[in-house]
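Novice: Generate coordinates for the entire structure from the input sequences, incorporating the hints supplied.
Heads up: the protein sequence lines correspond to chains Z and D, in order. Under my numbering, the first residue of the first sequence carries the number 106, and numbering increases by one thereafter. Under my numbering, the first residue of the second sequence carries the number 792, and numbering increases by one thereafter.
These are calculated hints, taken from the structure and not from any lab test. Errors might be hidden in some of the hints.
Said to hold, decoys possible - With a straight-line Cα cutoff of 20 angstroms, these simulated SDA-like cross-link-like pairs (lysine to any residue) come out:
#	chain 1	residue 1	chain 2	residue 2
1	Z	K329	D	D879
2	D	K943	Z	Q342
3	Z	K351	D	Y877
4	D	K1061	D	G1015
5	Z	K351	D	Y893
6	Z	K351	Z	L299
7	D	K943	D	R992
8	D	K929	Z	Q409
9	Z	K351	D	G894
10	Z	K351	Z	L486
Predicted model, so just to flag it, every value in this text is computed and none were measured.
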Amino acid sequence: MADPAALSIWIGLPLLLGGLLSFISSGAGDAPPRARVLLVDQDNTAVSALVRTAARQGNTPIDLEEVTPDEGRRRIGAGDATALLIIPAGFQDAVIGTRSARLQLVTNPAERVLPTMVRQMLEVVVEGAFYAQRLFSEPLSRIANAPQSGPAPDADVASIAIEINQRLTQLQGVLLPPVITLSVKTGTPAAPPLNFGQLFLPGMLFMAFLFIAQGMSVDVWDEKQEGTLRRLLTTPQSAGRLLLGKLVAGVAVAAVVALAGLVGAVALFDLPWSRVPAALLWCAYVCGALLAMLTLLHLFARSQRGSEMLSGVVTFPLMMLGGSFFPFEAMPAWMVSVGRWTPNGLGVARLKELLWGDVSVTALGLAALGIGIPAAIAFLLSWRRLRRFAHA
Amino acid sequence: MIDVQHLRKQYGDLVAVDDVSFTAEKGSIFGLLGPNGAGKTTTISCISGLLKPTSGRIAVSGHDVVTDGSAARRHLGIVPQELALYSDLSAAANLEFWGSAYGLTGEPLRRRVAEVLALIGLADRGKDHTSTFSGGMKRRLNFGCGIVHNPKVLLLDEPTAGVDPQSRVRLLELVREQARAGTTVIYTTHYMEEAQDLCDRIAIVDRGRLLAMGTLDELRRMVGEKDLVRLAGRFDSSAATRALEAVDDVQVLSAAADALTIATAGASRKLPAIFAALASAGSDIQETTLSVPSLESLFITLTGRELRE
Chain Z
106 MADPAALSIW IGLPLLLGGL LSFISSGAGD APPRARVLLV DQDNTAVSAL VRTAARQGNT
166 PIDLEEVTPD EGRRRIGAGD ATALLIIPAG FQDAVIGTRS ARLQLVTNPA ERVLPTMVRQ
226 MLEVVVEGAF YAQRLFSEPL SRIANAPQSG PAPDADVASI AIEINQRLTQ LQGVLLPPVI
286 TLSVKTGTPA APPLNFGQLF LPGMLFMAFL FIAQGMSVDV WDEKQEGTLR RLLTTPQSAG
346 RLLLGKLVAG VAVAAVVALA GLVGAVALFD LPWSRVPAAL LWCAYVCGAL LAMLTLLHLF
406 ARSQRGSEML SGVVTFPLMM LGGSFFPFEA MPAWMVSVGR WTPNGLGVAR LKELLWGDVS
466 VTALGLAALG IGIPAAIAFL LSWRRLRRFA HA
Chain D
792 MIDVQHLRKQ YGDLVAVDDV SFTAEKGSIF GLLGPNGAGK TTTISCISGL LKPTSGRIAV
852 SGHDVVTDGS AARRHLGIVP QELALYSDLS AAANLEFWGS AYGLTGEPLR RRVAEVLALI
912 GLADRGKDHT STFSGGMKRR LNFGCGIVHN PKVLLLDEPT AGVDPQSRVR LLELVREQAR
972 AGTTVIYTTH YMEEAQDLCD RIAIVDRGRL LAMGTLDELR RMVGEKDLVR LAGRFDSSAA
1032 TRALEAVDDV QVLSAAADAL TIATAGASRK LPAIFAALAS AGSDIQETTL SVPSLESLFI
1092 TLTGRELRE
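Specialist: Structure representation (structure tokens):
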């Protein structure tokens, strides 16, 4: 507490990282990105118009803009659009006449995701055109050959409609009813889905606890360098009591940080106050355990720099694996299966239950033992080691 | 009081302290005099409980430091050679912390902190961070932290190392005040003058062994009335030693190609005979130094080496 800079880093860094990740994930409320596609329609027929219409259908994230060939090439060259689509002259004749046709799509190399999206959508349109060609080539041919001005004669329209109806009747045996039936079951969720902040809060708290444990465990080296550790060991206090004092100090800092986070959760995510005390105790307990384990690491290092490197090498993977950087829900399954058994992973998983879910006393007890036993062993080993460390 | 009997501390094959025994009475200042690496700090570390002796027994006010360590340490105060202060705390906070480590609390602690601040001349700087203090002020505070709980035995491990002369005088006076108040003081130093001026009894240690012990007068008598003659130049050490053996009552303490050290009573009268003997041995004398009997001459007599070598 005497070092406000360290305290602000321990609290601020997880908040900053969490905020950044939140910003990236949510897009900060902005509309999703859209692809700007320049269209050069050199065919200018009913079928090419169908392609235009298909691209504008529904909620496609494509803004289609018709341009001249020169303008299109100039703008795609300047990176002013996602893609340039050229429908060549004779496209309709090719579609109806079952000949091959070549649509030209020039994409912007500076963009990665949107050009792929445009290409995939175009493939869907082309595939649709292929099946339409196979099934309705005759009526489509008549539409294409219809006079360009004025409405089509009623007799032609009726004739085309009858023909399409007959084809559909022929296909009815296959399509209606569909061979594959889709059965949709909507389950009743046990709890409302967690939002981004609720998912991230336990991990962020444990990231802060890892920083606290890392920062405060190196205290034994600071005390050794200042000479105060040797002097402390000449007082009537036992080495165990001195270590316990350091643990209590770490737990107190962790409790303050946890309380701030939990009060934030009450304010922002409607966390019931009744869940705060147990979550607070759990946070303090796990942070104390992490501090005990990291302290032991420091006591076996040969130099302060080495000990800081060692604790960093241990802490950072723990952070990444144990759901303290990304929530388990956003991690690959193999990583989750490993990370759930790390001390902070056990802590994060149980804290999530304490905050937002059903608490299993058995699972909580097992996790407490899983974290507490290694921590107790680390504490006892540190107790034995402290005098030798001070004198080395 | 403090009683050390047959203390031995061994690290593998290295014997840091070998069969050291001494007793220091209440209100006395007992000096451990020896060069760096003599085993003084190891001895202090064993007494303070920081190191476990390989063998031997140490009792502080009747409490064994191994079997009854906590009780023994309660009566001990230690002023380590290196500063041992919390630089991000104020002087008063440091004293409060170390006082509370020995069980002082509340009003008695606050009163004692104020007393010690006044004693070490930092009453007006009590609230300042120690990081703003000069070296001498830090040394005084380091001393204050060792006496804040009114220990019965005070261990001072070279407390004046690297201290300016003014602060050294102040610190030595503080040590005398503690002894006058009834505290048993164990004082290690490699400064002969400090040991002579300060200590009631002195033990001379080197390479882990206690070579001589007694009051200043007792130690001087060990040297006898012999003066110390140091000669610099070019010598055939064996020939020079043989030649000097012929001179009456001359003891060769050390002989090297460029230096000779000899002890003899009434050295000023014997110098012509010494020079003649050395000349006959082919020696070329370039510099001569004559010292009256002192702890330093005793140390050289006992070890053949200078105290500061």
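Novice: For every hint, state whether the structure bears it out.
Specialist: Consistency of the hints with the structure:
Distance check on the hinted pair: K329 (chain Z) and D879 (chain D) sit about 15 angstroms apart at the alpha-carbon level, within 20 angstroms; holds. Under the criterion of a C-alpha separation no larger than 20 angstroms, the hint pairing K943 (chain D) with Q342 (chain Z) is consistent with the structure, at around 17 angstroms. The straight-line distance between the Cα atoms of K351 (chain Z) and Y877 (chain D) is roughly 15 angstroms, inside the 20 angstroms bound, and the hint therefore holds. At roughly 17 angstroms between alpha-carbon atoms, K1061 (chain D) and G1015 (chain D) fall within 20 angstroms of each other, so this suggested pair holds.
Taking the CA atoms of K351 (chain Z) and Y893 (chain D), the gap is about 17 angstroms. The hint holds against a cut of 20 angstroms. A C-alpha spacing of about 36 angstroms is found between K351 (chain Z) and L299 (chain Z), which places the hinted pair above 20 angstroms, so the restraint is violated. Distance check on the hinted pair: K943 (chain D) and R992 (chain D) sit about 18 angstroms apart at the alpha-carbon level, within 20 angstroms; holds. Between the alpha carbons of K929 (chain D) and Q409 (chain Z) the distance comes to roughly 24 angstroms, so the proposed pair goes past 20 angstroms and is violated.
At roughly 18 angstroms between alpha-carbon atoms, K351 (chain Z) and G894 (chain D) fall within 20 angstroms of each other, so this suggested pair holds. For the suggested pair K351 (chain Z) and L486 (chain Z), the alpha carbons sit about 15 angstroms apart, so the restraint of at most 20 angstroms is met.
Hint violations for this structure: numbers 6, 8, all remaining hints satisfied.
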